[in-house]
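**Q** Protein chains in written order, with full-length UniProt numbering: chain U, 1 to 527; chain F, 1 to 299; chain E, 1 to 307.
Calculated from the structure, these hints are not laboratory results. Computed from a predicted structure; not experimentally measured. Any given hint could turn out to be false.
[Stated by the list, open to error] Pair by pair, the computed Cβ-Cβ distance ranges are:
(1) F/Phe-162 / E/Arg-28: 21 to 29 Å
(2) E/Asp-38 / U/Glu-464: 25 to 33 Å
(3) U/Gly-350 / F/Phe-162: 35 to 43 Å
(4) E/Leu-158 / F/Val-133: 52 to 60 Å
(5) F/Gly-200 / E/Tyr-63: 44 to 52 Å
(6) U/Phe-439 / F/Val-156: 32 to 40 Å
(7) E/Asp-38 / F/Pro-73: 35 to 43 Å
(8) U/Lys-444 / F/Phe-162: 39 to 47 Å
(9) F/Phe-162 / U/Asp-343: 42 to 50 Å
(10) F/Gly-200 / E/Ala-73: 55 to 63 Å
(11) U/Glu-26 / E/Glu-88: 25 to 33 Å
[Said to hold, decoys possible] Derived lysine-lysine pairs resembling DSS-like cross-links, with alpha carbons at most 30 Å apart:
(12) U/Lys-369 / U/Lys-452
(13) E/Lys-47 / U/Lys-452
(14) U/Lys-193 / E/Lys-174
Cβ atoms here follow ideal geometry from the backbone N, Cα and C, with glycine treated the same way.
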Amino acid sequence: MLLKNFKRVALGVGLAVALTGTAQAEKVLRVGNDGEPQSMDPHYISTVQTSRISDDMTLGLLTYGQDGEPIAGAAESWTISEDGKTYTFKIRDHMWSDGTPVTAHDFVYAWQRILKPDTGAEYASLLYIIEGAEDVNTGKGGPEVLAAEAVDDKTLRVQLTAAAPYFLAQLTHQTAFPVPRHMVEKHGRDWTKPENIVVNGPYKLVNWTPNVSTELVKNDKFYDAENVAIDRVIYYSMEDRTAIQKRFRAGEIDVGRDIASEQIDWLRENMADSLRIAPYAGIYYYVFRSDTEPFNDVRVRKALSMAINREVITDKVLRTGELPAYSFVPPGTGNYGEPQYADWKGEPYGEVFEKAKGLLAEAGYGPDKPLKVTLRYNTSENHKRIAVAVQSMWKKLGVNAELFNTDGKIHYSDLKQGDFQVARAGWIADYNDAQNFLFLLETKTGPINYSKFGSEKFDGLMAEAGAVVDLGQRAKILGEAEAVAMEGQPIAPIYYYVSKQLVSPNVVGWVDNAPDRHVTRFLDLKQ
Amino acid sequence: MIHTTAASDALAPMEELEGRSLWQDARIRLFRNKAAVASMVVLGVIAVMALFAPLLSPHPFDEIYWDRIQQPPDYANAHWFGTDGNGRDMFIRILYGARVSLAVGLLATTVSLVIGVTYGAVAGFVGGRTDNVMMRIVDVMYSLPFMFFVIMLMVVFGRNIFLIFVALGAVEWLTMARIVRGQTISIKRKEFIEAARAGGVSNFKIIFRHVIPNVLGPVIVYMTLTVPQVILTESFLSFLGLGVQEPLTSWGVLIAEGAKVMEPAPWMLIYPAIFLALTLFAFNFIGDGLRDALDPKDR
Amino acid sequence: MLSYALRRLITTIPTLFVIITVAFFMMRLAPGGPFDSDRALPPEIEKNIMAAYDLDKPLVEQYFLYLGRILTADFGPSLKIRDFSVGELILSGAPASMQLGLSAIVLALVIGVSLGTLAALRQNTGADFSIMTVSMIGIAVPNFVMAPFLSLVFGIYLNLLPTSGWGGGALQYKIMPIIALALPQIAYVARLTRGSMVEVLHSNYVRTARAKGLREQLVVVRHALKGAIMPVVSYLGPATAAVMTGSVVIESIFGVPGIGTYFVNAALNRDYPLVMGVVIIYAVLIMLLNLLVDLLYAVLDPKVRYV
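Chain U on its own, in the form it takes in the complex (with noise of 0.2 Å):
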């Protein structure tokens, strides 16, 4: 009964729409989302494909800029303390959808309310740099140990753990937006329905419908509301990657945020204008147990990195554009220079296998003594191409490796718990820096520190890096500590992520970045 009436009043729209469009056309952006979003609420935001959405809805203090590095967002400007501890933000005049200003205060309730332990956010450790913010998570103190406080309506003031180069970056994070506190305490958890949510970025959420698609139209109370080009986006969710190459071809959709990467050859024949490939801030890797037989030998860890031959994998096996790692932390990446790479990089693979075989010998495995092990991997086309590869460049290596393919949540929780020998992992940075992936390895990292490499030399460095404020000098520590972990090899870096996307070219002002990051407020279509 009520979705017939639903549907008559769509179609009343549709045709109003339809009568008075002609005149002066709504620009529509039409987006094939990989994923159905979580939520849109930004506490509750953990997948890349929730944060699209929210991204487009509200402006975190600093706020991804055309190119997706981080630019004024929400912030008009700040200071910086000497000490690199002390950050204190001028809010912008700027007001949420509902005419309300936003606030230093909207902040600092939106932080306390992510840390806040019974919100019960998955992302919300990403504030822990924060003083006082692990406190608060964890339940030692209460909201008001958070150092983060409104001097006025206007100024916030942050006091962080110690220097951290990555703080404005991580600001552009769905973790550190604001909330509108006026709504979320007139409605609780349902302050995000169409009728209710108000925002303060350039788009509104109008619809949700789950399966299909979130609708999200102008906000015209966005303070840079005549900049914005298109009127309405739409993000459908499809989980399935052929489906959008599909609907990108039928022209039903104008950008497709994946692709079907097993159709790539084609796709460069036939498609090669909408095609975009560009280096993406992650890493692929696969992940020793290092503190148990037979990965507590480094010698055993090497040999078996070592026998991977990457350029196959990304020339052969993927295709994609992606290029063979050598090291943890992909290049470009911020405040870093370049990475330390494995020390067989650049020598011809048939040397580096023979070294190999003599690592695997000197470690006592050979023929009469076959290195057996199981390789671990969550579901997913491309894991299993590329350890079907692997597992037969170990087999040259006389290493039997058994592979054992299990759906993503037993994976990771395996993988938490130390239930496997080797195992597919990836990572991609949450902020531009280097910090963001060499902490993976670290001791205090806990159970995310998959290999339990446990060195404490690397940990020491990460310390000593932590806490020094010259930008070259932490870089120059950093770079040291990943010497350590390419020594060690606790994890073999095998490529480095791109992302791949298919973009209409009607599509304007999309420019290919590494944060992956395409605000739809930069963008505009062709008529």
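Go by the hints and put chains F and E onto chain U.
**A** Then chains F and E, alone, in the frame of chain U:
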């Protein structure tokens, strides 16, 4: 239905004799059915090919040819059905896939047969409250979404391929149990059962010596329909990424991979799909043939 | 018959209770939790989230909490799509799935019964053989092949229909999902109809009807079909429940806003409340439809009486 008339336990040898002639009769009728015979030949050929797979192709099933990734059929290199996304020969992989798919089908069906026939025969024969409770359990299991059941089993036992068979069999036995129960009820009042009972034969013995052999007809027919069902379920699980572990493969895995590249690399879909379809056709025609042969009413 | 229906309805309650119990504990046997992902959570955060959803309590306590909530028709929150409750997700998805499913079943019934009858009347002729072969293809081609194939052919090569999407429920978006859903059902129904039709056509009452000199058309439609439809009716109960609760393949490939995806995705995501929600919906639906089938039996077959 195929049951012997007045035979009693004391006359067992005669009963067997008579039974055999009935089965013989059915066999003759079955072999007169051209579609069924052709199907048996097709199945036989596929099974033999699967069995002797390594002798039929110069390529090992897990050998990767880096320079021949996703190549169309190429007779010069003996890739009669082309290569897959990892540069492995499709022909040999389809034959190895046949091993897994056929094994899945047969093993799971056997499991469902053993559970379903025993369960149904006991419920039908004992009757009364036991029957009520046992059938209520079947009702409950019927009302659980099948896919949920299978996924949970796969997730829990995913490490072992044999457990996949058992898991699939463990959800396919319900219909079998119902059929057998119905049949059992209809024959348990027959004279030869009464005679056995009067002769003091234990229930257990009656069920296994008299009831089950006499309900086998419909069971065999249903079996030939279960095998394709299981093979299809396995392919669906493969589509979800819950299938057999690499480098082993199954038709389901191959078809799921092929479906993703049906346009740029149709050979990856068409060849395994042909094998799957042929097998399913064959089982169904054999099933139809068996039904006609075993049911004298219908000619 | 009414009292029979009532009695049957009452017995569904304990059955449902057993199903809830079995599903609840079985689901929890599966390793991995709802918040395990490639971004592993720091232990303290995971603790916060588990507490927020009562997942830190002993399992038995969670079970009783859940039962209590179910009694007030509260299916709990979804752990994955966190802005929606399970009730909201099912309410928003069920209409689409049920609509497509019902259309597919009706289509299957009409086409399947006609084809099956035709095949039976022309038993062992070319027509019979081709109908059965085509219907076998409907069974033998998995839907994850059929759906993208249809989409490729009709959406792109012929450009007749949208490749996928929902378009607010416009007809052209529903055609391919309905066809893809109906194809295997048409095949099953056709085979079932043919089988029982062949049998019925040889039965005494049809012979009698023919002997009375009734027109063949009348014999088939009025007499034979009524008897031959029985196995189809009993097949339709569970089949309708299965088709109406949607198909993960069809819905994800065609972008249908249904609940079919939840049966698989919620299980894989360990979205416990959502899994329970769809399990309950499915169970209720299948029990109701089975009851309906049994009542239909009584209507169609005068020999069956329920008291």
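**Q** Each hint needs a verdict: does it hold in this structure or not?
**A** Each hint tested on the structure:
1. For the hinted restraint 21 to 29 Å between F/Phe-162 and E/Arg-28, the CB-CB distance of approximately 25 Å keeps it satisfied.
2. Checked against the hint of 25 to 33 Å, the pair E/Asp-38 and U/Glu-464 passes, with Cβ atoms roughly 29 Å apart.
3. Checked against the hint of 35 to 43 Å, the C-beta distance between U/Gly-350 and F/Phe-162 comes to roughly 41 Å, which is consistent with it.
4. For E/Leu-158 and F/Val-133, the hinted distance range of 52 to 60 Å is satisfied, since their beta carbons lie about 56 Å from each other.
5. Separated by about 49 Å at the C-beta atoms, F/Gly-200 and E/Tyr-63 satisfy the suggested range of 44 to 52 Å.
6. For U/Phe-439 paired with F/Val-156, a C-beta distance near 34 Å keeps the hint of 32 to 40 Å intact.
7. Taking 35 to 43 Å as the suggested C-beta distance range, the pair E/Asp-38 and F/Pro-73 conforms, at roughly 38 Å.
8. Separation of U/Lys-444 from F/Phe-162 is about 43 Å and conforms to the stated range, judged on CB atoms against 39 to 47 Å.
9. A C-beta distance of roughly 45 Å is found between F/Phe-162 and U/Asp-343, which places it inside the suggested range of 42 to 50 Å.
10. Remark: the range hint 55 to 63 Å for F/Gly-200 to E/Ala-73 is upheld by a beta-carbon distance near 57 Å.
11. At about 29 Å, the beta-carbon gap between U/Glu-26 and E/Glu-88 stays in the expected band of 25 to 33 Å.
12. Distance hint between U/Lys-369 and U/Lys-452 is fulfilled; the C-alpha atoms sit about 26 Å from each other, no more than 30 Å.
13. Taking the CA atoms of E/Lys-47 and U/Lys-452, the gap is near 21 Å; set against the 30 Å cutoff, the hint holds.
14. Only pairs whose Cα atoms come within 30 Å are accepted, and U/Lys-193 paired with E/Lys-174 is accepted, the gap being roughly 27 Å.
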